[in-house]
Amino acid sequence: MALADLAMAGEAEFPHGQSHLLAAAKAGDLAAFEALMRQYERLVLVTAFRLLGGLPDAQDISQEVFLKMYRNLGKLEEAASLAGWLYRVTANACHDARRRKRPNAPVEFAEGLRAGGADPQQAATEAERRRVLDLSLRMLPEKERAALVLRDLEGLSTEEVARALGSSAATVRSQVSKARVKVREFVERYFRSQ
Amino acid sequence: MHCLDWEERVALHVGGDLPAAEAAPVEQHLAGCADCQVFWSGMKESLELIQGAHAEVLPQASYTAVRARVLAELDGRRAWWRGGWFYGAAAVALALLVVLAVWPGLRVKPLPRMAVAGPPAPVVVTPVAARREAATNRGRRKRTPRQPQQLEPRRPLLVRLVTNDPNVVIYWIAE
Numbered sequence: 001m002a003l004a005d006l007a008m009a010g011e012a013e014f015p016h017g018q019s020h021l022l023a024a025a026k027a028g029d030l031a032a033f034e035a036l037m038r039q040y041e042r043l044v045l046v047t048a049f050r051l052l053g054g055l056p057d058a059q060d061i062s063q064e065v066f067l068k069m070y071r072n073l074g075k076l077e078e079a080a081s082l083a084g085w086l087y088r089v090t091a092n093a094c095h096d097a098r099r100r101k102r103p104n105a106p107v108e109f110a111e112g113l114r115a116g117g118a119d120p121q122q123a124a125t126e127a128e129r130r131r132v133l134d135l136s137l138r139m140l141p142e143k144e145r146a147a148l149v150l151r152d153l154e155g156l157s158t159e160e161v162a163r164a165l166g167s168s169a170a171t172v173r174s175q176v177s178k179a180r181v182k183v184r185e186f187v188e189r190y191f192r193s194q
Numbered sequence: 001m002h003c004l005d006w007e008e009r010v011a012l013h014v015g016g017d018l019p020a021a022e023a024a025p026v027e028q029h030l031a032g033c034a035d036c037q038v039f040w041s042g043m044k045e046s047l048e049l050i051q052g053a054h055a056e057v058l059p060q061a062s063y064t065a066v067r068a069r070v071l072a073e074l075d076g077r078r079a080w081w082r083g084g085w086f087y088g089a090a091a092v093a094l095a096l097l098v099v100l101a102v103w104p105g106l107r108v109k110p111l112p113r114m115a116v117a118g119p120p121a122p123v124v125v126t127p128v129a130a131r132r133e134a135a136t137n138r139g140r141r142k143r144t145p146r147q148p149q150q151l152e153p154r155r156p157l158l159v160r161l162v163t164n165d166p167n168v169v170i171y172w173i174a175e
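Going down the list, the protein sequences come from chains C and A. Counting in my numbering, the first sequence tops out at residue 194, every number present. Counting in my numbering, the second sequence tops out at residue 175, every number present.
To be clear, the hints were calculated from the coordinates, so they are not data collected in a lab. Fair warning: there could be bad hints in the mix.
As the list claims (entries may be wrong) - Result set (DSS-like, lysine-lysine): computed pairs, CA atoms no more than 25 angstroms apart in a straight line:
| # | chain 1 | residue 1 | chain 2 | residue 2 |
| --- | --- | --- | --- | --- |
| 1 | A | Lys44 | C | Lys182 |
| 2 | C | Lys26 | C | Lys75 |
| 3 | C | Lys101 | C | Lys75 |
| 4 | C | Lys68 | C | Lys143 |
| 5 | C | Lys101 | C | Lys143 |
| 6 | C | Lys68 | C | Lys101 |
| 7 | C | Lys143 | A | Lys44 |
| 8 | C | Lys26 | A | Lys44 |
Using the sequences and the hints, build the whole thing.
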């Protein structure tokens, strides 16, 4: 979902409009801030989850991002730019978290996702498939992974990804294409060996 | 084996990232290159697999937990501010006191300087008889017995108060 779509969806969901919510939150209305959080919690938590791979870490990052948003309410000019700001802050926070984390820390898998299907056999297969796909993202260099997550999983345009990651559109295109090639090789190698 | 020269452009074409002008030659190449077609379809499949795997939603409880943590933290901060008014008022009062003490116009004027000066020493008058006796004794070189020391009369204490006004000097004489 592109950022413009996200902003429009927010306006449709909240009859008073995001601008009013933002203005009320700026004035100290905690309920308005909570409404803004509800609107953007999926964006922040899911992005952090996809970038980091573990739900507890993603929740910590989400908390950090929303507290930062509260502190910076005065600097946020308009609600339309909020999603882009949140993507940028989330990506930066995840980058910092990965640097802080010990390099030999055990790899977490997407344990936060629900296992699909009632059949235990099917659920196990699905979990294994998800683990492999998650691993294919994990083995990517951090910048390529961030570009792929924002472009292919979050559905941002190349320019929006570039703004969120603080780089150029050309760099993002290069990172996205490299990431897609690596993921394809990883997935093909794994599923061919099965 | 696909064509490495076309790899990056094919990878971008899969995700629809190429503008029309750049996409057209890629499509022409794909139409004539079987290996690159396989590469293209394999990449499309892996991309869809990843998108499918991550399309699943996180449990609602995970969002609720984050929201609760954020609101609890914000509530805690607000409570601190509400409780901190007393300390704030105390700090303001202290600052006011410091300003009052330091402000030049509000300083206490210094007391006039005080100087203590003694009266001039009294003139000792020696009697004539005593002077004669001293003259005769000078020629004899005779040791004369020591005269008992004469006690000086008690001097009065003179206190001079110098004020800021040079025309006003206060003398205070005490016995």
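Taking the hints in turn, this is what the structure says about them:
For the hint pairing Lys44/A with Lys182/C, the CA-to-CA distance comes to about 13 angstroms; that is within 25 angstroms, so the pair holds. For a cut-off of 25 angstroms, the pair hint linking Lys26/C to Lys75/C stands: about 10 angstroms separates their Cα positions. Of the pairs offered as hints, the one joining Lys101/C and Lys75/C is violated, with about 30 angstroms between alpha carbons and a cut-off of 25 angstroms exceeded. Between Lys68/C and Lys143/C the alpha-carbon distance is near 23 angstroms, which keeps this suggested pair within the 25 angstroms criterion.
A hinted pair counts as satisfied when its Cα atoms are at most 25 angstroms apart, and Lys101/C with Lys143/C qualifies at roughly 17 angstroms. For the proposed pair Lys68/C and Lys101/C, the alpha carbon gap of about 21 angstroms is at most 25 angstroms, so the pair holds. The hinted pair formed by Lys143/C and Lys44/A meets the criterion: a straight-line CA distance of about 21 angstroms does not exceed 25 angstroms. Between the alpha carbons of Lys26/C and Lys44/A the distance comes to roughly 45 angstroms, so the proposed pair goes past 25 angstroms and is violated.
Of the numbered hints stated above, those contradicted by the structure are hints 3 and 8, listed in ascending order.
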